[in-house]
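One letter stands for each residue in the lines below.
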Amino acid sequence: MSKNGPLALCYHALFVAFMLAPIVVVVCVAFTPEGYLSFPTDHWSLRWFYAIGRYPEFISAFWRSLWLGALSSAIAVGFSVPAALAIARYRFAGRDAMTALFMSPLMIPHVVLGIAFLRFFTEIGLGGTFVGLVLAHIVIVLPFALRLTLASAVGLDRAIEHAAVSLGASEATVLRRITLPLIVPGLMSGWALAFINSFDEVTMTVFIAAPGTETLPVRMFLYIQDNIDPLVTSVSACVIAITVVALVALDRAYGLERLLIGRSVDAR
Amino acid sequence: MSFLALESLTKRFGSHPAVDGLSLAVEQGEFVSLLGPSGCGKTTTLQMIAGFVEPTSGAIRLAGRDLLAVKPARRGLGIVFQSYALFPHMTVGENVSFGLEMQGVASGERARRVAETLELVGLRALAGRFPRQLSGGQQQRVALARALVIQPQILLLDEPLSNLDAKLREEMQIELRQIQRRVGTTTILVTHDQAEAMALSDRLVVMNHGRVEQIAPPHEAYERPATAFVASFLGKTNLLDGASVRPEKIQFAGRGLAGRVRARVFQGNHWLYQVETGSGLVTVIRQNTGEPMPAEGEAVCLAWNSSPPQAKLGEVSAQQTEGS
Amino acid sequence: MTHDPSVGVRRRHLPTSWGGAPYLLGLPALLLFAVVVIVPLAMTVLLSFHDWGQYKGIEPVFILKNWREVLSDPYYGEMFWRTFRIALAVTVLGAVFGAPEAYILNRMKSPWRGLFLLVILGPLLISVVARTLGWALLFGGNSGLVNKALVSLGLISAPLPFMFTETGVVVALTHVLMPYMVLAVWAALQRLDPQVENAAVALGAGPFTVLRRIVLPQVMPGILSGAIIVFALAASAFATPAIIGGRRLKVASTLAYDEFLNTLNWPLGATVAVLLLVALVLIVAGASRLVERRYAQVFG
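Residue numbers (my numbering), protein chains in the order written: chain A, 18 to 285; chain B, 1209 to 1532; chain C, 10 to 309.
Hints are computed from structural coordinates only; laboratory data are not their basis. A portion of the hints provided could be inaccurate.
Covered stretches of chain C, as calculated for chain A (at least 3 residues, CB under 8 Å) [said to hold, decoys possible]:
# : region
1 : 97-105
2 : 247-257
3 : 269-278
4 : 287-296
List of simulated lysine-lysine pairs, BS3-like, C-alpha gap at most 27 Å [stated by the list, open to error]:
# : chain 1 : residue 1 : chain 2 : residue 2
5 : B       : Lys1444   : B       : Lys1457
6 : C       : Lys65     : A       : Lys20
7 : A       : Lys20     : B       : Lys1279
8 : B       : Lys1375   : B       : Lys1279
9 : B       : Lys1279   : C       : Lys118
For clarity, every value in this text was computed on a predicted model and none was experimentally measured. Backbone N, C-alpha and C define an ideal beta-carbon position, used for all residues, glycine too.
One chain only, chain A, in its complex shape (with noise of 0.2 Å):
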């Protein structure tokens, strides 16, 4: 009954060279043996991977996005752990606003974000500093570790801390032995959602890091503002080879589908 005609499928083909075209054509070039920007033709070459081991910046730039995204992910879920509980549970004056107020770095721009931090953190000593990075990038990656907490936080069963209260469990213990661990997925994909999201950010970044803060995004985006040579397509490759990786491992533990449609789509 419902299959799709030879014209759907078609389309279906299309698109999906549409979707792929850009990155298919970044991880090509990587491999040209070239000194300038060419389709590598008759033989390949990672001349130009090699050469990333000349940039030390690039490298050092992977680390601390790496670290980044680590750290703020954590502290952001770690937030985000009694934030959900409120408001998965409770009805009170200021839930929605509360709710609003966490989601809101996804609606305001991340270049007005970027000015806010830039102007914030001149004016109280943290411009430019790993510090200030941390914390603009908890504020960001917060409403996706939030979001899948919540989900989770929301589909939990009272009755099971119920039960655990009527066996003599105290508060703390249903927290520790009962909650926490049956959230604990939830928390997992809201980490790795979280990572991911400032693992790529560049349009904030690139306002309050310094030279010596750069994350990788950063980095490259301003290199290609200078110049687009085979280097730089050689490095997003290695950043494209990565994502993949992980988002083939993400989809075999959570479902992707399950990871990125979240209440995203109210479009609150």
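Fit chains B and C to the known structure of chain A by using the hints.
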């Protein structure tokens, strides 16, 4: 010749036969139920009649013409889906009107027939509401009206009452039967609820593992089940001397099969007994007449009337597919 | 089919709390947001009223100079108009091409469905810089791959300029934001009862009628909410217009960036940013309200 004929209808998913050589003849105006546990092939059969599933082999004929050659959109069957499948973005009136629109019925005629059909199911006042503003029972009636308004040659009901609570279900059973009698549409009901099937239909088709176990009027299938499966699926039963004996047919008597009451349960209008006998555990149901009944641990004798002869199980007679 | 509890969260009866428990639980995050979001945003708004001079730098006074300049100078008007024109084009292209793809995807069988969903949504998680770099390579001046393909297909006779043009920015941004649209429509399709399509077919509706009268109206809220997200993100996009549009083709966010990091006229940059924020909040909130009101009765 019968109105609707299914001839050796078979559907395989991979190598697994979902429906295996089903033959059935339905008369015009008849109410037939396909009854069986989940996975017995009853829903697949219904979907083959509707055209949503293509049979692997076999034929379906409606009033003599080959139904399989007709596209689902042109079969003109009225279907009530288990989920009701109401169009959530259309009002009750628009839902019911949709099928007539597809047939190109003029708008004046359409309005008249929609009103008439909504009247039939008692929903005339709610024509402007959206489906989600209705109760489960009301949604059920809209689904029925939407199927009936196109004056279908056959009405297909896919577990139509399974989403309703017990009390409402009983009311709807009576109403459904009345409406079907009044409009006289040939109806095929798919259900796993034997009480519902027996209450509504002229004939039952009891199915298991894709095969027909018995085709018979409800009373006959209950009294003379063709197989052990039919006997146990249609109600509680005891296997005594290779024959099926219904618990309510067994009496406590002065002589007969000796046993001891192991447990008894009071259920309001009747008592339910489990009696240990030399032939194993026997279930007995006695009506509550207000008189004292044997207590737990008491010795009793069981007697039952074996004429007319209880169906011998294990021999599936060839005549069962002929119908009534 | 997987059921996501977060989609259409059940309205459960929640205990009303008059005590401090929920506030106490929310307090850490509230404090964080007060200090790291609200204060900086307020400072930015204030900054837009400060004065600035080439030699004196930022002067903490309260004047309307920047606002007057941004609101009266046609240079800024043209720039904002370009920003929203690009966002609108990206939104329309996304809806027109993304919605059918989501529908096709939804009709696919098990292994393909998951695979292609991954292929189409996956780019969302790949760095925007890397994706935009891909388009810069594809456009690559007049000899780029896209032009070669279009010419050889006979669709155009002479190469089109993509780099440093609005067309180029629109194409690249459509690609960057397409996953959001597919995702929104996909989510709406998941809520569809598959039997509903069968019900329409049984009543005599052909495939096109089913699509137009049954599927499209039910998916419309998904398309609209996807459109709102795509519009907001397109209007505030930075990396893609910066790389494809270059220094000549300015949109609101790249202009603000220039004022901050090149010209160093922070108050003027802050004014542009605050104006962008206010315009977006008004548009997004207004559109969401409209969509919600339109569909409240039907879908709730």
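To see whether the hints hold, each was checked on the structure:
{"no.": "1", "hint": "97-105", "in the structure": "violated (count 0)"}
{"no.": "2", "hint": "247-257", "in the structure": "holds (count 4)"}
{"no.": "3", "hint": "269-278", "in the structure": "holds (count 4)"}
{"no.": "4", "hint": "287-296", "in the structure": "holds (count 3)"}
{"no.": "5", "hint": "Lys1444/B - Lys1457/B", "in the structure": "holds, 11 Å"}
{"no.": "6", "hint": "Lys65/C - Lys20/A", "in the structure": "violated, 69 Å"}
{"no.": "7", "hint": "Lys20/A - Lys1279/B", "in the structure": "holds, 15 Å"}
{"no.": "8", "hint": "Lys1375/B - Lys1279/B", "in the structure": "violated, 38 Å"}
{"no.": "9", "hint": "Lys1279/B - Lys118/C", "in the structure": "holds, 22 Å"}
Violation of the numbered hints given earlier is confined to hints 1, 6, 8; the remaining hints are satisfied by the structure.
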